[in-house]
Structures are given as C-alpha cells and as structure tokens.
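Generate the whole structure from the sequences, applying the supplied hints.
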Amino acid sequence: MHQSLFVYSGYRYFKLSMILIIASVVAYAIHAPVDGPNGGTWLGYTLGGLGAFLILLLMWFGMRKRSYKSSMGKVEGWLSAHVYLGLALIVIATLHAGFQIGWNLHTLAYLLMFIVIFSGIFGVYAYLRYPDLMTKNRRGNTLDLMLIEMSELDRECREAASQLSDEINKCILESSEKTKIGGSVRQQLSGSSKNCATQAAFEKVNDLKQSLPREMADDASRLMTLLGKKCELVQRARRDVQYKAMMDVWLYFHVPLSFALLAALIAHVVSIFFYW
Amino acid sequence: MQCNVSFLTRKSRGGVTHKDDVITGTSIRIGRSTDNELYLSDFRTSLHHATIHDRQGRYYIEAESGSDIRVNNDISQSARLNSGDVIAVGPYDIEIISADEGKDLEVSVELVRQLGDDLEQLKQRSTTTLAATGLSRRRWSWVFFTVIAVLFLALPITAFFSDGVRDLFKDAPVTADIAWKSGDFESAHTFFANDCKACHQEAFTTVRDVACVTCHTETHTHADPLFFELSGLNETRCATCHKEHNGRDGLVRRDEGLCGDCHKDLDEKTGTDLKNAHDFGNNHPDFSATMFRYNASAKTFALQREALKDKPVETSNLKFPHDKHLTAEGVDAPGGSRVMVCADCHEAEPGGIGMKPINMKQHCAECHSLEFEADIPQRIVPHGNLEHILYTLTEYYGNVALKGGYEDIDAPAVVQNRRRPGQRITPRERKDAFLWAKQKAMNVGEDLFEDRVCATCHDVTKVRDGDSPKWEIAPVRIADTWLPKSRFVHKKHETMQCTDCHDAGKSEESGDVLIPAIDNCQQCHAGTEAAHNKIESTCVDCHGFHIADDFLLGDRKGMPARTKKSATAARMEKPSK
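If you read the protein sequences in the order shown, they are chains A and B. Heads up: the first sequence at position 268 corresponds to 268 in this note's numbering, and the numbers run straight through without jumps. Converting from the second sequence to this note's numbering requires adding 1000 to each position, the first position being numbered 1.
FYI, nobody ran anything at the bench for these hints, they're computed from the structure. The structure presented is a predicted model; accordingly, all values stated were derived computationally and were not measured. Worth double-checking, as some hints may not be accurate.
Derived DSS-like pairs (lysine-lysine); straight-line CA-CA distance at most 27 Å [to be verified]:
{"#": "1", "chain 1": "B", "residue 1": "Lys-1431", "chain 2": "B", "residue 2": "Lys-1403"}
{"#": "2", "chain 1": "B", "residue 1": "Lys-1299", "chain 2": "B", "residue 2": "Lys-1311"}
{"#": "3", "chain 1": "A", "residue 1": "Lys-194", "chain 2": "B", "residue 2": "Lys-1123"}
{"#": "4", "chain 1": "B", "residue 1": "Lys-1123", "chain 2": "A", "residue 2": "Lys-136"}
{"#": "5", "chain 1": "A", "residue 1": "Lys-178", "chain 2": "A", "residue 2": "Lys-209"}
{"#": "6", "chain 1": "B", "residue 1": "Lys-1299", "chain 2": "B", "residue 2": "Lys-1361"}
{"#": "7", "chain 1": "B", "residue 1": "Lys-1361", "chain 2": "A", "residue 2": "Lys-204"}
{"#": "8", "chain 1": "A", "residue 1": "Lys-244", "chain 2": "A", "residue 2": "Lys-74"}
{"#": "9", "chain 1": "A", "residue 1": "Lys-136", "chain 2": "A", "residue 2": "Lys-229"}
{"#": "10", "chain 1": "A", "residue 1": "Lys-170", "chain 2": "A", "residue 2": "Lys-229"}
{"#": "11", "chain 1": "B", "residue 1": "Lys-1311", "chain 2": "A", "residue 2": "Lys-170"}
{"#": "12", "chain 1": "B", "residue 1": "Lys-1123", "chain 2": "A", "residue 2": "Lys-178"}
{"#": "13", "chain 1": "B", "residue 1": "Lys-1534", "chain 2": "B", "residue 2": "Lys-1264"}
{"#": "14", "chain 1": "B", "residue 1": "Lys-1356", "chain 2": "B", "residue 2": "Lys-1485"}
{"#": "15", "chain 1": "B", "residue 1": "Lys-1311", "chain 2": "B", "residue 2": "Lys-1356"}
{"#": "16", "chain 1": "B", "residue 1": "Lys-1319", "chain 2": "B", "residue 2": "Lys-1470"}
{"#": "17", "chain 1": "B", "residue 1": "Lys-1123", "chain 2": "A", "residue 2": "Lys-244"}
{"#": "18", "chain 1": "A", "residue 1": "Lys-170", "chain 2": "A", "residue 2": "Lys-209"}
{"#": "19", "chain 1": "B", "residue 1": "Lys-1431", "chain 2": "A", "residue 2": "Lys-229"}
{"#": "20", "chain 1": "A", "residue 1": "Lys-136", "chain 2": "A", "residue 2": "Lys-244"}
{"#": "21", "chain 1": "B", "residue 1": "Lys-1462", "chain 2": "B", "residue 2": "Lys-1361"}
Take a look at the structure:
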C-alpha cells in the first residue's frame, strides 16, 4: 500500500508538486518587487492564493476518505496528492511570506502549517516503518488473540502453581490480576514493561523455587516456562500497542492543528482584506 | 469425627445442585492441597488453610499460620463452630448446618466468590488504543479552531469597531492590533503604528491618502495636477509607492518604474515638452543647465534652460576668467605670487551637497582691494553700493581738504597749504575746499568705477553725465546649481578631482557653464539596464518625486490651502554678494 502512495499513477503528484515548487522558486527568483519580497506583491498574492487552495484541498482529504461512495478520484490518489502537495506547501508558503516572520497571526498560521506538515511527515514515516514491525511482532496473531493466550496462560500458571507454596501462588495471582497492556498515552507510546506484574512474578518465583522440595521441581519448572512465555507475550503485546500508538499519535497533532490552521488561515485572509 | 459435606453448585438458570460426601478423621484439614480432607481447589485458598478439630464433642476451627478465615464476616484465627455459622475460607463459604455436641458435623461448601473471567478482566485493565485514553481529535479540533477564531478573528474585528474592547486587551502580549500586523513599520511611524485605525480608517478599504496627509501636509505633489491631468498620476495613492509594513527600507520605492512607467513616453501621453527618460544609461536626455539670463533693458534676470551640448552662455554679470586665476605660475597676491586652487574659493556646504556661496569680501578682496589712494591702502570703499562709495569718497576728500596739506597741484591753495593747529580758514576757502573735494571724489569714483576697480569684475555703465553723474553696476547672480531638478552630492564624489568634471583651467569667461555633459557621469553610472560593471543608479538617486514647487499634498487632498513661495522665486530674489 505504501508503495502505491509514492508511485501512484506514475508519480503523477510528485511531478505536479515538483512543477509547483520549481515554478514558485523561479518566479520568486525573477520577481523583484520594489518593496522586497512579501505577501503583498502580485506574486505574493498568487502564491498565497495557491497555498490557501492547497490547504483546503489537503484538508478535504479528511472528507474524501470517509466518503466511500464518492467518485471524485481514488482515495489512494488523494493520499498521494495529500503527501506530495503537502510537501510542496512548505516551499509555496515560505515564498509567499518572503521569509518574513513576526509576532503576529500571520506567522502563527505559518507555524501551525509547519507543525501540521511535519506531523504529517512523521505520519508517512510511521506508515512506512511500523506496519512491517507490527506484522513481525505479532507473528500471525492479533492483539485480541494475544490477550486470550495471556489469560489462558494465567489459568495454566494457576494450575501449575496449585500445589506449590502459598507465596508462589500469591505471585501468580498478582501476575494474573495486575498485569495490564497499554495504559496511559505515555505508557502506550513507551511500550515499557516497567513495574510489570508478570515480570515481577517471574523473578520472584525464580527466587522462590530454589527453596522448594525436590518433588515439586517439575511443577516449578513448568510454572517458570509458562511465566516466561507470558512475559514474552506481554512484551510483544505492549510493543504491538506501542506501534499502533506511534501510527496514531501524530494524527492527534495533525488533525486538531490543521483545524487550528484553518481558523488561522481564515483570520489571515480576512485580516488582509479587512486592512486592504 | 465425621463430617457430612454438601458441595453446592448454583446453576445459571437458578436452582442448586449438591454433591454429598462424608469425611472422617481425627481432624479435618481444609485447603488447596490434595492431601487435605476437605479439598478446595480454588487457587485463592492456601495449601493448608484451616483445620476443624473435635474436642470432646465440640467443634473448633483454627486457621493455619499465614492464612485468614472469616467467621460470620469477622477475621479470626480460631473459633468454636455453632450451627448457622458461616466460615469464609478463601473464595468459599462453609456454612455450619449442624455442630451440635456429640453429633456428626454437617456443613455445606459453596464457591461463592467466583473467579471472574480472566480475559474480560485483562481487557478491562488494559487500554490498548490512544482513543481509549480519552483523547479526541474531534474535540481538540473544535477547541483549537474556536480559540484561534475568537482570538485572532473575532477579537480584532470587534476591537476595530469598539474602542472599549480594544482597550480591554491593550496590555495583552499580543493585542488585537498587533495580532494582525503584517510587518515592521517605518521608524517614523512607530509611535502611532500600533493603532491600526490611524491609517486603516475603514474596513475592507485600502488606506486613503487622507490618512497620510493628516501629517504630511507640506509634502509637494509631483506636478501641477491640472496641467498633468493623468489618471496614473493624480489617482495614484501614496501607498502605491510607499509600502508600509516592510521595515524601513520598504517604505520608499526606488525602482526605475517609479518614474519610467510614465516618463518613458511622456511626450505621447501628455504632449509635454519634457523629454522622455527611463534609464540613466540608455534613455536619459542630455543635461540642460538652468542659467541666469540678464535682460539689460528690463534690468531683470530670468532663468533659462539650455542643453549643455549647445554650449550655453550664462550672463551672471560678473567678469571672472577661471583660467587667469588658476594659472600654474600663480596670481599676483599681496604677499607675492600665489598658485590658486579650487578650494580657495569653493568650500563645501556642511551637508556636503553643494558649495557655500562665493563672497567678495572673503574670496576676492584680499587681492582685489577696494583702495582708492595708493598711499593709504588700508582705506577702502565699501563693496556693493555705488552711492555709498561716492559718499565715502566725498567724506574722505572733504576731510582732506579741510585739513589742508594735500599734494595736488590742481587743487586750490587752501587744500594744498599746510595749516598750523588752530588756524582758521575763511568761508570762501571753505567753499573752495568742498567744491574741490566733491569734484575729486567724483573723479576718483569715475576712475574706480570705470577703470581701476569695479570694472575689473562688473559691468559698469554711466547712466547720467553732467554735474552729478550716475553710474550703475549690473546686478550679479552666480548660479548655486545649474541642475536644480537633480541632486548631486559633492561629498560622495570627493575621491575625484574637481577638474575631472569642471574644466575650469581653460575657462576664459564667467559665462561658461562649467559642468560636464551626461557622458561624463555615464562613465561610472548606468541605469538598471546593462549596468553590470557600473553603479546601478535609478531615477531617485538624483531626482525627487515630490517636486512641484507650488503644489502641496495638503492642497490636493482637500486640506486647507497653503501658499508657499516657490524655490525658483526665492532664487530669483536672492542677490549674490
């Protein structure tokens, strides 16, 4: 899928973006306005109009991808255009501004646009990197299947520990009652297994089994095997959640800030003509 | 002892099944371990959780160390069993149905605290998506959109129409006005520029000139707006050329288009006599000098413009041969021969643009003395007014005559004779003396005017003969600039020699206009077209835009009319000294 995003229709949108970028740069280089490059020259207005149109078009992607019945181009094409034209926007908007920045709404809009575009670039990176890692990490399972397997392991652990000491039993109980996957935004993103109840149980049982009588050695080693399996499973599940979070988190910047950008863009355009 | 145990299992549809068992032993151990007499398999039960003892027909329960039991909800380590008691062991409730002395113990055991579904609980504990943490893209989108729309759109617009709202936010880090500011101001505008309405007086309307003219009333228009009825000129807004919000440099247009757009083909557009110009290197008329021309009959000066290539001659009414003053051998000066240089007379003005005016007393009088008696060179006549000169002479010779002892064989005896101190003269002698003095003054004056002194530099005409003759000196006007429509800064050219431009050493007449033609400038300067190895000079490097002498912006824009003496008129009235 990600391949088709870049090469879609023979690099159609890559070429379009390059044409826009080159045309903008050439026009900017040739144009020598009397008051220096700025948004108020004929080229400034042209690039500004183009930039505003692109922003609206890029935001319309959010509508198009939800509208399954739409016949307005394929969603793959829209996504390809979204990525390439979004990148072209960096150049177009910068030249529109003539490299002028200030403590004002106009620079705020520019800044928001940059955050949106760079979060989008991270999104492209995430979509290139994480699906592969996710597939490898899941080994043919889904997260739901992993959770089922985990609870199955809990049951097996309890069985294996049923004739072992109460202390061991308590560890197993905690492992099954307190182990959790994911959690807060930070926990999901870090994929960390710090303070993991299963990990703790594994280590504690490993210590305790030394003092068990010989006849329980079989049960204990079976328990260790099960706990080890669970540890590994828990880690993989957390990594799965982490990958998924990485693939999602940028959207929580990309989308709300693109609406912030839309508001700033409207205010920017209104202010220009208000103080014409 | 014997214990009848009934294991109860509740069905999901209601109803209870039970499995009965009989346990015998000296005591009955309860726990998860299979060697217990009462085996409770749930892992929440300890291996050996508790033991029931039979002590002389009475039944007691005792918890094993490390385990808890609850007897009728009270945590306890041991208790005597009574009928009806409920003993909680881990997740099980053991109800004592009968514990009568001497009889068999009868209990029912039920797993009342079912272990929940592991999977469900695990899923409940785990938050595996960002959306499940409560983050909402939609909510934040609305929040951001609204906040920015209010702060940066609604607020500035409201503040534009309501000073109250504007003042409310005047101390905010980004005020309503600053929020929309598109760039830095020209420094002179800084003190009011944070009030957008100072210039942007109406919404959705370009800045009107009236906003500029509020202050810039004294700025001149470009040309007579009635003579040049050009839409491109008279309807052009100030802001077309003066672009604010681009920092200091942006405020003044400097490109050739500023002038060239109209002056490229001005003759076709307006039928004017003005020549077309748009590029100093390629399309600029030859220089024309604006000179004083004297009309001897009307005795007035007029300014006249003539092309330098036509070798125009100025009539300043001053005789001044530059060549004689700049000879390599030097001029006769009081201290002997002296080689003169330009700077002896031409001294730069403080601003470095032009030269200070030439002044007889300062620049000429050292050599060109106004003495009238060779014996007493310190006595001179005043410069400037012929009548004053005659008065001075009359006064001097009157005094000489009365004193006597003057050596002049043509003079009366009273003038020639020495007198003793206190010796009186007769009225007749006195009259003779005065007559002589008056005649002498007139003769010396004529000599000064026509031959010896004044005529060296001035045109002197005797306008009346007879007893009281009268002479007139033609008034003098020395040009301070020959190119008044342009701005030449001498200071910027100080690395050059004066003679690079002004060929004064060969000039025999003061009528020579000693400035070079355009090609001299074009050696170094060119316009923007093909100026690769030359100084790129646009029109405004030499010319101003707001140059119409008699028309002020304040008048054009319907402001109170102001009259101001034109610079030309002022020059005409100012005589040279």
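Tested hints:
A hinted pair counts as satisfied when its Cα atoms are at most 27 Å apart, and Lys-1431/B with Lys-1403/B qualifies at roughly 14 Å. Note on Lys-1299/B and Lys-1311/B: the hinted pairing holds, with a Cα-Cα distance of about 24 Å set against a maximum of 27 Å. Note on Lys-194/A and Lys-1123/B: the hinted pairing holds, with a Cα-Cα distance of about 19 Å set against a maximum of 27 Å. Between Lys-1123/B and Lys-136/A, the direct Cα distance comes to roughly 23 Å. Compliance with the 27 Å bound is thereby established for this hinted pair.
The straight-line distance between the Cα atoms of Lys-178/A and Lys-209/A is roughly 22 Å, inside the 27 Å bound, and the hint therefore holds. Distance restraint check for Lys-1299/B and Lys-1361/B: the Cα-Cα separation of roughly 25 Å lies within the 27 Å cut-off, and the hinted pair is therefore satisfied. Pair hint Lys-1361/B plus Lys-204/A does not hold up; C-alpha atoms about 115 Å apart against a cutoff of 27 Å. Of the supplied pair hints, the one linking Lys-244/A and Lys-74/A holds, its CA atoms being roughly 25 Å apart against a limit of 27 Å.
A hinted pair counts as satisfied when its Cα atoms are at most 27 Å apart, and Lys-136/A with Lys-229/A qualifies at roughly 17 Å. Pair hint Lys-170/A plus Lys-229/A holds up; C-alpha atoms about 19 Å apart against a cutoff of 27 Å. Straight-line distance between C-alpha atoms of Lys-1311/B and Lys-170/A comes to about 118 Å, which puts the hinted pair past the 27 Å bound. The suggested pairing of Lys-1123/B with Lys-178/A holds, with an alpha-carbon distance near 11 Å, which does not exceed 27 Å.
Taking the CA atoms of Lys-1534/B and Lys-1264/B, the gap is near 22 Å; set against the 27 Å cutoff, the hint holds. For the suggested pair Lys-1356/B and Lys-1485/B, the alpha carbons sit about 19 Å apart, so the restraint of at most 27 Å is met. Proposed proximity of Lys-1311/B and Lys-1356/B is supported: the alpha carbons are some 25 Å apart, at most 27 Å. Taken as a hint, the Lys-1319/B and Lys-1470/B pair is honoured in the structure, with Cα atoms around 21 Å apart against an allowance of 27 Å.
A hinted pair counts as satisfied when its Cα atoms are at most 27 Å apart, and Lys-1123/B with Lys-244/A qualifies at roughly 17 Å. With a C-alpha separation of about 14 Å, the suggested pairing of Lys-170/A with Lys-209/A holds against the 27 Å cut-off. Proposed proximity of Lys-1431/B and Lys-229/A is contradicted: the alpha carbons are some 149 Å apart, above 27 Å. Restraint check: the Cα-Cα separation between Lys-136/A and Lys-244/A comes to about 13 Å, which is no more than 27 Å; the hinted pair holds.
Restraint check for Lys-1462/B and Lys-1361/B: satisfied, since their Cα atoms lie roughly 25 Å apart, inside the 27 Å limit.
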